[in-house]
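*Asks:* Residue numbers (this note's numbering), protein chains in the order written: chain A, 191 to 490; chain B, 191 to 490.
Keep in mind that a hint or two might mislead.
The list cannot tell twin chains apart, which means a pair is met if one copy fits it or any two copies do.
[To be verified] Straight-line alpha carbon distances no greater than 20 Å define the calculated SDA-like cross-link-like pairs of lysine to any residue that follow:
id: 1; residue 1: K411; residue 2: R463
id: 2; residue 1: K301; residue 2: A250
id: 3; residue 1: K426; residue 2: A195
id: 4; residue 1: K333; residue 2: Y309
id: 5; residue 1: K411; residue 2: P461
id: 6; residue 1: K333; residue 2: L447
id: 7; residue 1: K411; residue 2: K431
id: 8; residue 1: K411; residue 2: A462
id: 9; residue 1: K411; residue 2: L381
id: 10; residue 1: K301; residue 2: G440
id: 11; residue 1: K314; residue 2: R451
id: 12; residue 1: K411; residue 2: D392
id: 13; residue 1: K426; residue 2: S323
id: 14; residue 1: K431; residue 2: T377
id: 15; residue 1: K333; residue 2: R451
id: 16; residue 1: K314; residue 2: L326
id: 17; residue 1: K266; residue 2: D313
id: 18; residue 1: K411; residue 2: L432
id: 19; residue 1: K266; residue 2: R224
id: 20; residue 1: K431; residue 2: Q378
id: 21; residue 1: K411; residue 2: L434
id: 22; residue 1: K314; residue 2: S254
id: 23; residue 1: K411; residue 2: R355
id: 24; residue 1: K333; residue 2: S323
id: 25; residue 1: K431; residue 2: G478
FYI, nobody ran anything at the bench for these hints, they're computed from the structure.
Spelled out, the chains give:
Number of protein chains: 2
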Amino acid sequence: MDDPAFETALHELRTDRVQGASELARHCLDLLARSAQAVPASECSELLDVMVRRYDRLTAARPSMAPIQNLLTAWKSSLSRLDSSSLPALRSAVADKAREGIRESKRAMVKVLENSAGYIGSDKTIITHSLSSTVLGVFARLKDRNIRVIATESRPLNEGYILARQLSEWSISTQLITDAQLGLFVTQADLALLGADSLLPDGSLVNKAGSYLLALAAHDKGVPLYVCCESFKRRKAGLGKLQLEEMEGGELGTPCLPGVRVRNIYFDITPARLIDRWIDEAGVHKTGIPAEKTQWVADR
Amino acid sequence: MDDPAFETALHELRTDRVQGASELARHCLDLLARSAQAVPASECSELLDVMVRRYDRLTAARPSMAPIQNLLTAWKSSLSRLDSSSLPALRSAVADKAREGIRESKRAMVKVLENSAGYIGSDKTIITHSLSSTVLGVFARLKDRNIRVIATESRPLNEGYILARQLSEWSISTQLITDAQLGLFVTQADLALLGADSLLPDGSLVNKAGSYLLALAAHDKGVPLYVCCESFKRRKAGLGKLQLEEMEGGELGTPCLPGVRVRNIYFDITPARLIDRWIDEAGVHKTGIPAEKTQWVADR
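With these hints in hand, go ahead and build the complete structure from the sequences.
*Replies:* Have a look at this one:
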């Protein structure tokens with residue numbers, strides 16, 4: 191993967207609105223694996239320099255996505271311990287570590303789906319907001335267990351339509367509502383289920399704008415809210431204030447009017463006090479601050 | 191106004207998505223005034239019979255709209271006390287009573303605007319949801335008093351765009367957001383302001399779906415919520431369970447998918463405990479259950 195191809199991939203990473211944070215993190219690791227075997231370098235130290243520069247560029251591209259920061263930083267911290275007896279050996283080792291991160295991420299995802307589906311059980315009505323690949327995976331595991339789903343459109347890009355289409359293919363009985371109707375329909379649900387873009391150190395949820403509104407309505411109506419995600423979606427403490435990404439206002443398709451600023455912030459923050467269960471690869475937790483052992487560790 | 195014209199007007203009343211409940215109530219009174227002077231009748235009792243049948247049809251057309259019920263019922267209860275010395279005299283008196291209701295409604299609206307604008311004062315950021323003619327009237331009175339507005343799109347019909355266009359013409363600095371961003375932007379506001387489709391007897395608010403979500407977010411973030419409306423928007427006690435109107439799902443423009451039911455309920459209910467001030471023609475109230483004297487009375 192040469193510099194122009196890497197720059198193209200970086201641009202795609204910055205503008206991607208479809209894939210979730212974990213998928214993008216695995217994509218970044220794949221870019222690093224392919225880079226390790228292809229970037230020009232005449233000796234080991236030069237290879238490591240180039241790889242660290244690419245790491246810097248990738249982690250800077252989507253600073254609010256914790257999985258990218260966590261998975262790539264774990265990979266980077268492994269570099270100093272790799273076999274550097276020869277340049278080809280180091281290239282392979284660097285690429286292998288990146289692929290190991292991808293496998294680790296996928297294993298964690300599968301465990302999250304197992305734990306979530308097991309905890310939710312059968313014969314439930316589940317309300318969700320936006321499209322989370324993790325929540326979609328949970329629905330896939332529950333599809334023959336008599337569940338019903340209430341899904342939101344999720345403006346501005348209406349990714350709820352993608353969710354509804356998949357649920358329809360799985361013959362899961364679905365109600366599709368505007369985001370504004372969340373408060374009306376939450377009372378029909380046995381539980382609210384959300385994925386996560388990130389978790390803050392105290393267990394607060396960073397997710398598609400509107401998640402906080404669902405959480406408020408669920409809390410007000412006594413409907414439990416579960417958040418399911420791998421533990422490496424947890425943002426490290428001490429990183430400073432989280433910058434919530436804002437996209438082009440034009441995406442909303444509103445009229446252009448003098449003095450009217452169209453705002454399009456993608457994520458909101460749901461305080462931990464509104465969340466009833468956190469489900470990760472280690473299990474189901476009643477607190478948003480997990481024990482040390484449930485943290486994802488790169489080298490084991 | 192003959193029967194076919196009246197049937198056409200009834201159909202328009204049922205399908206109207208643009209005008210608020212008070213405007214529609216005044217429109218109904220105008221239909222009654224025009225009917226009184228034009229329906230075929232050979233004696234006074236026949237006229238009154240026809241008028242009461244038209245009253246029944248009009249009040250049944252939009253059962254969830256309290257102003258229609260209240261203003262028209264007040265008009266009906268005045269009929270037995272009118273001058274019935276001759277048919278022409280009765281026609282005029284019936285029509286006059288209907289026009290009196292219209293004037294009363296407009297006077298109350300003007301007082302609500304005065305009271306609201308006076309209480310809100312200058313130099314405020316106000317967040318609102320949907321398009322209320324009352325809230326729009328308040329903004330008109332505040333437009334030279336350095337206010338800023340945060341307005342939602344208000345799916346499915348995006349009447350927030352109409353609001354934003356008017357605010358733009360008045361040079362009021364405005365941010366336009368998706369409904370899902372209510373929780374993100376409420377913290378920028380000094381207060382949340384909503385109109386009402388109806389008030390329930392305990393002061394709970396029936397308004398465009400999403401109002402409850404704004405109320406929850408405002409309450410959670412410590413931003414006061416004011417509801418401004420004339421007191422005849424208050425639904426009488428003992429009318430049974432309120433039926434929230436549901437419109438065609440096709441209005442949302444979603445894909446048609448087997449097993450996916452598109453829901454389009456227009457109104458939600460905001461509990462009185464989430465409302466900080468009720469502003470009506472009598473003043474500003476800290477409780478949603480006003481004193482008897484502030485109730486609108488038809489005959490005085």
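*Asks:* Against the structure shown, which of the earlier numbered hints fail to hold, in ascending order?
*Replies:* Violated: hints 2, 3, 10, 13, 17, 22, 23.
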